[in-house]
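Novice: Each chain, letter by letter, is given below.
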Amino acid sequence: MKNELNIRCIMSKDTLPVTGGEQAVYALVDIKAGTSLGIGTMPSNIALVLDRSGSMDGEKMDNLKEAVGYVVDRLGDEDLVSVTIFDDQVETLVSSQPAKNRDEIKTKLSQVITRGGTQISDGLSAGLAEAKKGFGQDRVSRVLLLTDGQTWDDEDACLRLADEAGKQGVAITSIGIGNEWNEKLLLQIAERSHGNSHWIQNPIAILDAFRQEVDGMQAIAATNLTITGRMSAGVRPVKVYTTSPMIADVSSRTINGGTIQADLGSLDAKTGQKVLIEARVPAQKAGPFRLGQVEIGYDVPSQGLTGQSVKADLNVAFAANAADAAKVNAEVMNLVEKVTAFKFQTRALTEARTGNIAAATRQFQAAATVLLDLGEDELADAVEREIASLKKTGAFTAAGTKKLEYGTRKLTQVMTTSIGK
Amino acid sequence: MKCTQCQMENIEGALFCEECGAQLEAKNELQETVKGSPTERLVLASVDGSTLEIPAKDEVVIGREDPISEVFPDLDLTGFGGMEKGVSRKHAVIHRSGADYTVEDMGSTNGTYINRKKILPNTPQAIKPGDEIRFGKLTFSLKAA
Chain G
1 MKNELNIRCI MSKDTLPVTG GEQAVYALVD IKAGTSLGIG TMPSNIALVL
51 DRSGSMDGEK MDNLKEAVGY VVDRLGDEDL VSVTIFDDQV ETLVSSQPAK
101 NRDEIKTKLS QVITRGGTQI SDGLSAGLAE AKKGFGQDRV SRVLLLTDGQ
151 TWDDEDACLR LADEAGKQGV AITSIGIGNE WNEKLLLQIA ERSHGNSHWI
201 QNPIAILDAF RQEVDGMQAI AATNLTITGR MSAGVRPVKV YTTSPMIADV
251 SSRTINGGTI QADLGSLDAK TGQKVLIEAR VPAQKAGPFR LGQVEIGYDV
301 PSQGLTGQSV KADLNVAFAA NAADAAKVNA EVMNLVEKVT AFKFQTRALT
351 EARTGNIAAA TRQFQAAATV LLDLGEDELA DAVEREIASL KKTGAFTAAG
401 TKKLEYGTRK LTQVMTTSIG K
Chain Z
422 MKCTQCQMEN IEGALFCEEC GAQLEAKNEL QETVKGSPTE RLVLASVDGS
472 TLEIPAKDEV VIGREDPISE VFPDLDLTGF GGMEKGVSRK HAVIHRSGAD
522 YTVEDMGSTN GTYINRKKIL PNTPQAIKPG DEIRFGKLTF SLKAA
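These protein sequences, in sequence, are chains G and Z. In terms of the numbering used here, the first sequence is residues 1 to 421. In terms of the numbering used here, the second sequence is residues 422 to 566.
Don't take each hint at face value.
As the list claims (entries may be wrong) - Example chain G residues on the side facing chain Z (calculated, C-beta under 10 Å, incomplete): (1) 30; (2) 281; (3) 289; (4) 413.
To be verified - Calculated pairs, SDA-like style, for lysine to any residue (alpha carbon to alpha carbon, straight line, at most 25 Å): (5) 549(Z) / 479(Z); (6) 558(Z) / 73(G); (7) 239(G) / 427(Z); (8) 423(Z) / 18(G); (9) 549(Z) / 334(G); (10) 239(G) / 30(G); (11) 100(G) / 58(G); (12) 270(G) / 495(Z); (13) 108(G) / 133(G); (14) 327(G) / 425(Z); (15) 106(G) / 53(G); (16) 133(G) / 263(G); (17) 538(Z) / 334(G); (18) 270(G) / 188(G); (19) 392(G) / 440(Z); (20) 423(Z) / 325(G); (21) 270(G) / 470(Z); (22) 558(Z) / 373(G); (23) 538(Z) / 372(G); (24) 239(G) / 353(G); (25) 239(G) / 470(Z); (26) 239(G) / 429(Z); (27) 423(Z) / 282(G); (28) 65(G) / 101(G); (29) 327(G) / 536(Z); (30) 327(G) / 537(Z); (31) 270(G) / 504(Z); (32) 239(G) / 504(Z); (33) 423(Z) / 14(G); (34) 239(G) / 423(Z); (35) 538(Z) / 101(G); (36) 423(Z) / 53(G); (37) 549(Z) / 167(G); (38) 558(Z) / 311(G); (39) 327(G) / 467(Z); (40) 539(Z) / 413(G).
Simulated from the structure, these hints should not be mistaken for laboratory data. For every residue, glycine included, the Cβ atom is placed at its ideal position computed from N, Cα and C.
Just need the whole structure built from these sequences, with the hints factored in.
Specialist: Right, here's the structure in full:
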């Protein structure tokens, strides 16, 4: 195995019982930067796309200006930065340029006044155009999109831009402030472009979110990360989840018969990436069995490496005697549990949006069970409050929905600073 | 595989009930990723894979550093999100006696759990590689170093 990446494949059970029927098996593919990979060696290309609509007035805009000042101070002279501001019109305040022009950038931002409504797609399109000016294989490119409002009938355009950005290697991190914005849209923009998303309740936390993003960009060790899974005959992958920077169900766009093909974006040297594959294995006789193989593709621009890949097998054994079957691996169990909490809350919200209150309540109760088991009492309480709201009004609360959408997606984040509390 | 909570029939090998979310495998029967002998040095491994070596001392206090209160635990979990995850300043102590290890909750606010079972305060409980240990909401697995 090449030492740029460390790949571990851990099965839910090393040894499965011979049952004569199909079984579920989970494979955790843990991808970490190897010791030969230096971090912080790639220059950044950051495009800030900022909502300047009327509702941003006051504390939000004051904190936003401070946070942008932090970003330009933190970036190196060779890093590139641009600032695009939008309401229902768009203005490229700072076109893509080296971050060394710090004072000029801050002065321009200080003159921004709030006005108008919110039209995200135009701002995002202009910001992406700026990001593309500085795009290169040797730079980490990212768009930070910040808004506090609902966009006007341009959700599809936003998602098309996110798809396009993801394919080009430009991650979009979406940041929503307060409760009056569409969390479904902002999460999808992030997921489709392999970016992160933050929910900020208090404007003072804008700085925390920006700091986390700049730290993340400066910790990128590998780019164009992909996973290709090829299953053995009869083995069916049924679910694929990525877990960094948030839990995401990527099954529908990655599974094709017995193969899996997923773009994973960039590899953060601090957090790595874990991919969870749930598969169905047909009946087998006793003995070793190869479920399949995963191949991780990657580039390491800092070392001039492109088109690299490393392969690892997914192996189990079948035991004739059920007593010889292995116990469940604790690490896999922990991840499956978090993904299960996410899965149930996602199902609950989907059911509720279609008006199926009984099914939504049932799925929420299952989510609460898993969250309590995980020790996530605060999230479990939030679920209970949403169940009460559903029964009373037939709808969720805006804040409760965001708390659950973001809280369950970020169950895999252990070491990050809490934002917005 | 029938769920004992809701009686729903789940596929063999499933870890959680598709209907009610209940865990289908016994909680106290989890297997460590890397097998290790209890005589080896131990590390706490977070779910993201980062590790914290348990110092070779007979007593190792685990908690959150607080210079104002003059609390300086042997293992400071602040950098693992200890504050947000409800770790007390003096949360628990790991005792080592030869090849054997125990963990004792020091009366922490949010408790200590071994393999998801809350332990009584001030009552040492044996631990071994492969165990899951939770301080408040901060979860680690215990592994051989």
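Novice: Against this structure, judge whether each hint is valid.
Specialist: Results of checking the hints against the structure:
Taking 10 Å as the C-beta contact cut-off toward chain Z, the hint placing residue 30(G) at the interface holds, the least distance being around 6 Å. Hint status for residue 281(G): holds, given a least beta-carbon distance of 8 Å to chain Z, under 10 Å. Because the closest C-beta pair between residue 289(G) and chain Z is about 13 Å apart, greater than 10 Å, the hint is violated. Checking residue 413(G) against chain Z by beta carbon gives a least distance of about 8 Å; that is within 10 Å, so the hint holds.
Taken as a hint, the residue 549(Z) and residue 479(Z) pair is honoured in the structure, with Cα atoms around 16 Å apart against an allowance of 25 Å. For the given pair, residue 558(Z) sits about 35 Å from residue 73(G) by alpha-carbon distance, which is inconsistent with the 25 Å threshold. The suggested pairing of residue 239(G) with residue 427(Z) holds, with an alpha-carbon distance near 24 Å, which does not exceed 25 Å. As the CA atoms of residue 423(Z) and residue 18(G) are separated by approximately 18 Å, the hinted pair is consistent with the 25 Å bound.
The suggested pairing of residue 549(Z) with residue 334(G) holds, with an alpha-carbon distance near 18 Å, which does not exceed 25 Å. The suggested pairing of residue 239(G) with residue 30(G) holds, with an alpha-carbon distance near 16 Å, which does not exceed 25 Å. Of the pairs offered as hints, the one joining residue 100(G) and residue 58(G) is violated, with about 28 Å between alpha carbons and a cut-off of 25 Å exceeded. Among the hinted pairs, residue 270(G) with residue 495(Z) is consistent with the structure: their alpha-carbon atoms are about 24 Å apart, no more than 25 Å.
Proximity of residue 108(G) to residue 133(G) is assessed by CA-CA distance (about 20 Å); at most 25 Å being required, the pair is judged to hold. A threshold of 25 Å between alpha carbons decides the hint, and for residue 327(G) with residue 425(Z) the separation of about 19 Å falls inside it, so the pair holds. This hinted pair checks out: residue 106(G) and residue 53(G) have alpha carbons roughly 19 Å apart, not beyond 25 Å. Proximity of residue 133(G) to residue 263(G) is assessed by CA-CA distance (about 23 Å); at most 25 Å being required, the pair is judged to hold.
Note on residue 538(Z) and residue 334(G): the hinted pairing holds, with a Cα-Cα distance of about 15 Å set against a maximum of 25 Å. Using a Cα cut-off of 25 Å, the hinted pair residue 270(G) and residue 188(G) holds, with the two alpha carbons roughly 24 Å apart. For the suggested pair residue 392(G) and residue 440(Z), the alpha carbons sit about 24 Å apart, so the restraint of at most 25 Å is met. Between residue 423(Z) and residue 325(G), the direct Cα distance comes to roughly 18 Å. Compliance with the 25 Å bound is thereby established for this hinted pair.
Restraint check: the Cα-Cα separation between residue 270(G) and residue 470(Z) comes to about 10 Å, which is no more than 25 Å; the hinted pair holds. Simply put, residue 558(Z) and residue 373(G) have alpha-carbon atoms about 11 Å apart, close enough for the 25 Å limit, and the pair holds. The hinted pair formed by residue 538(Z) and residue 372(G) meets the criterion: a straight-line CA distance of about 12 Å does not exceed 25 Å. For the hint linking residue 239(G) to residue 353(G), the alpha-carbon distance of about 23 Å falls within 25 Å, and the restraint holds.
Pair hint residue 239(G) plus residue 470(Z) holds up; C-alpha atoms about 23 Å apart against a cutoff of 25 Å. A distance of roughly 21 Å separates the Cα atoms of residue 239(G) and residue 429(Z); the hinted pair therefore holds under the 25 Å criterion. Proximity of residue 423(Z) to residue 282(G) is assessed by CA-CA distance (about 19 Å); at most 25 Å being required, the pair is judged to hold. Distance hint between residue 65(G) and residue 101(G) is fulfilled; the C-alpha atoms sit about 16 Å from each other, no more than 25 Å.
Straight-line distance between C-alpha atoms of residue 327(G) and residue 536(Z) comes to about 13 Å, which keeps the hinted pair within the 25 Å bound. Distance restraint check for residue 327(G) and residue 537(Z): the Cα-Cα separation of roughly 16 Å lies within the 25 Å cut-off, and the hinted pair is therefore satisfied. For the hint pairing residue 270(G) with residue 504(Z), the CA-to-CA distance comes to about 20 Å; that is within 25 Å, so the pair holds. With a C-alpha separation of about 34 Å, the suggested pairing of residue 239(G) with residue 504(Z) is violated against the 25 Å cut-off.
At most 25 Å may separate the alpha-carbon atoms for a hinted pair to count; residue 423(Z) and residue 14(G) meet this at roughly 22 Å. For the suggested pair residue 239(G) and residue 423(Z), the alpha carbons sit about 21 Å apart, so the restraint of at most 25 Å is met. The hinted pair formed by residue 538(Z) and residue 101(G) fails the criterion: a straight-line CA distance of about 56 Å is larger than 25 Å. Only pairs whose Cα atoms come within 25 Å are accepted, and residue 423(Z) paired with residue 53(G) is rejected, the gap being roughly 54 Å.
As the CA atoms of residue 549(Z) and residue 167(G) are separated by approximately 46 Å, the hinted pair breaks the 25 Å bound. About 35 Å separates the Cα atoms of residue 558(Z) and residue 311(G), which puts this hinted pair outside 25 Å; it is violated. Our distance criterion of 25 Å between C-alpha atoms is met by residue 327(G) and residue 467(Z), whose separation comes to about 20 Å. Distance hint between residue 539(Z) and residue 413(G) is fulfilled; the C-alpha atoms sit about 23 Å from each other, no more than 25 Å.
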